[in-house]
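Protein chains in written order, with this note's numbering: chain A, 1 to 306; chain Z, 1001 to 1285.
In short, the hints are calculated from the structure, not lab data. As the structure is a computational prediction, the values presented were derived from the model and not from experiment. The reader is advised that the hints may include incorrect statements.
Counterexamples of contact, computed for chain Z against chain A with all Cβ distances above 12 angstroms [what the hints assert, rightly or not]: (1) Leu1008; (2) Val1091; (3) Val1149; (4) Phe1157; (5) Asn1226; (6) Phe1239.
Just so you have them, the derived chain Z footprint on chain A, three or more residues with Cβ under 8 angstroms [as the list claims (entries may be wrong)]: (7) 49-62; (8) 67-73; (9) 177-187.
With a straight-line cut-off of 27 angstroms between C-alpha atoms, the simulated BS3-like cross-links for lysine-lysine are [stated by the list, open to error]: (10) Lys242/A with Lys227/A; (11) Lys1137/Z with Lys100/A; (12) Lys1137/Z with Lys105/A; (13) Lys76/A with Lys1137/Z; (14) Lys75/A with Lys1163/Z.
C-beta: ideal position from N, C-alpha, C; glycine also.
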Amino acid sequence: MARIKTLGYLLLLLGLLGCQPAPVELSPELSKVVTTTGMIADAVINIAGDSLSVEALMGPGVDPHLYKATQGDLKKLREADIIFYNGLLLEGKMGEVLDKLGRLKPVIAVGEAIDTSFLLASSRYPNAYDPHVWFDVKLWQQVVQSISYTLQEIDPGNATYYQANTTEYLSQLDSLHQWVTIQLAKVPEKQRVLITAHDAFAYFGRAYQIEVRGLQGLSTVTEFGLKDITDLVQFIIDRNIKAVFIETSISERSIKAVVEGCRQRGHQVIIGGSLFSDALGDYQTPEGTYIGMVNANVITITKALQ
Amino acid sequence: MDAFWIILAGLLVAIPCGLLGCYLILRNMAMVGDAISHAVLPGIVIAFFVSGSREPVSMLLGAGILGIITTFIIEFFHAKARLQTDAAIGVTFTWLFALGVILISVFAGKVDLDQDCVLYGEIAYVPIDLWITSSGKIMGPRVIYIMGVVFLVVLSFILVGYKELFLTTFDPAFAAASGIYISVWHYLLMGAVSFTTVGAFESVGAILVVAFLIVPPATAYLLTDNFKKMMIITAILGFMVSFGGYYLAVWLDGSIAGAMTVVAGLLFGIVFVRQLAGRRMSYGL
Chain A
1 MARIKTLGYL LLLLGLLGCQ PAPVELSPEL SKVVTTTGMI ADAVINIAGD SLSVEALMGP
61 GVDPHLYKAT QGDLKKLREA DIIFYNGLLL EGKMGEVLDK LGRLKPVIAV GEAIDTSFLL
121 ASSRYPNAYD PHVWFDVKLW QQVVQSISYT LQEIDPGNAT YYQANTTEYL SQLDSLHQWV
181 TIQLAKVPEK QRVLITAHDA FAYFGRAYQI EVRGLQGLST VTEFGLKDIT DLVQFIIDRN
241 IKAVFIETSI SERSIKAVVE GCRQRGHQVI IGGSLFSDAL GDYQTPEGTY IGMVNANVIT
301 ITKALQ
Chain Z
1001 MDAFWIILAG LLVAIPCGLL GCYLILRNMA MVGDAISHAV LPGIVIAFFV SGSREPVSML
1061 LGAGILGIIT TFIIEFFHAK ARLQTDAAIG VTFTWLFALG VILISVFAGK VDLDQDCVLY
1121 GEIAYVPIDL WITSSGKIMG PRVIYIMGVV FLVVLSFILV GYKELFLTTF DPAFAAASGI
1181 YISVWHYLLM GAVSFTTVGA FESVGAILVV AFLIVPPATA YLLTDNFKKM MIITAILGFM
1241 VSFGGYYLAV WLDGSIAGAM TVVAGLLFGI VFVRQLAGRR MSYGL
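Bound-form chain A, shown alone:
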């Protein structure tokens, strides 16, 4: 096996030496898919059914910004026939390594497959995109379709099967999108504000007309300032907002300070519940899938804000 691999690398090397664009290797035995986040793994499972083994490196409740690799991850990445990751620096330094691995085997940054005109960039740094693309169901459909095209290209024998599953799944996502839009429209516009600890919900806010306020920036080292809290407390009182939210992968300490600040000024605001932001829920629970996660988030949000 090792010899076959060496031979494969040598052949690939020869091909590269010939100054040709590296072709994505066509392997008749595509079987192992490795992804970074659970959201991407869920998309692949919906496209490929049981025909491929799919594994996510980051389990439930893991903050991808702070993920630490284990010894076993290396083996999984080595044995994978194809690797999907989010990209746009969601995985930090790990993305760089994966990008390089892309010269040896198919490695795809699914977030970077989206046309940049759909992405939200920092106003000051147009090249720094917000990586949390999965919260806009329409945008996620683009990702699902591009994952499907990649699988079809690499495993053309099963292309029709993949596309049939994809079409079916995309229509499920269509109804999900409509459902989310309807549910959130029920919340009075003035109170349609999502307050969380860090800025993960910008795409969600844009897609479903919700104002999003975060205490922290995108990076998890910048601590929130006192002024951030006072401003946010004032904002909550002015708009008469009923609830703020915590996230499964981020500490709830900061958001509790806001609740306390409101209470001191005589405004009752509750913690509306915990939202899934950067990771799916536990395996075998409804929240362990993408659709389940979006469902759970939307129910939590509408219940608390109405």
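Fit chain Z to the supplied structure of chain A, relying on the hints for placement.
For chain Z alone, kept in the frame of chain A given last:
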């Protein structure tokens, strides 16, 4: 093959860090590695402002420059203000880190920018983080080259400057009397420390570097009074830690850097307990 590269990478970090660490703990500056790991933050932020991107070369450059500035400020406070080294380290790295946090929150709030995201490497990925030339030739793991260069530079620095470093560490007054420029050698040592740590942060992450700088030299310090022997024991411990840590991580399927650090701590614990027991026996307790 993966095991070989990871253990080799661990060793190439352990030896230069450990050898420099021998000097650091004898100069009461052991925490300087940890200080640098925090103090590089403003360097990363400024490098981002200047280059407008988070690509690795500019991040490394920004971090490297700040690493050197950090050690210089520490030494400056220590020499000119007669501040204790630990206080000088504490003052320097806290305000530099805070400066970085403020720069991020004021100017880069919408950009994910911190050491974890853009600087710290991961030892688990050493075997797949390959150096591939533009013609497509695979040259092997990139980190091995980087840390190999760091290893050779540090080793030759210590071999060339052994006498001066030894004297300025143990007997600065005598060193000064024999015409050695104490502060020049101090700055050279600190320059080597920041060069090594920043390179190693980028290769294998922060915790492992801080551990290798302190724990093996501290263990060796318990075992011998002879400085040369201390350095040799440190190197041997570095090997034991890389090797044992890797297989502990395999066994647990856990973080490799974490497992190596745990092994380093265990070795220190064993030596410490043995010493304690030995001393009690010699006192007849």
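Discussion item. Taking the earlier hints as the rules, which of them does this structure contradict?
Written reply: 7, 9, 14
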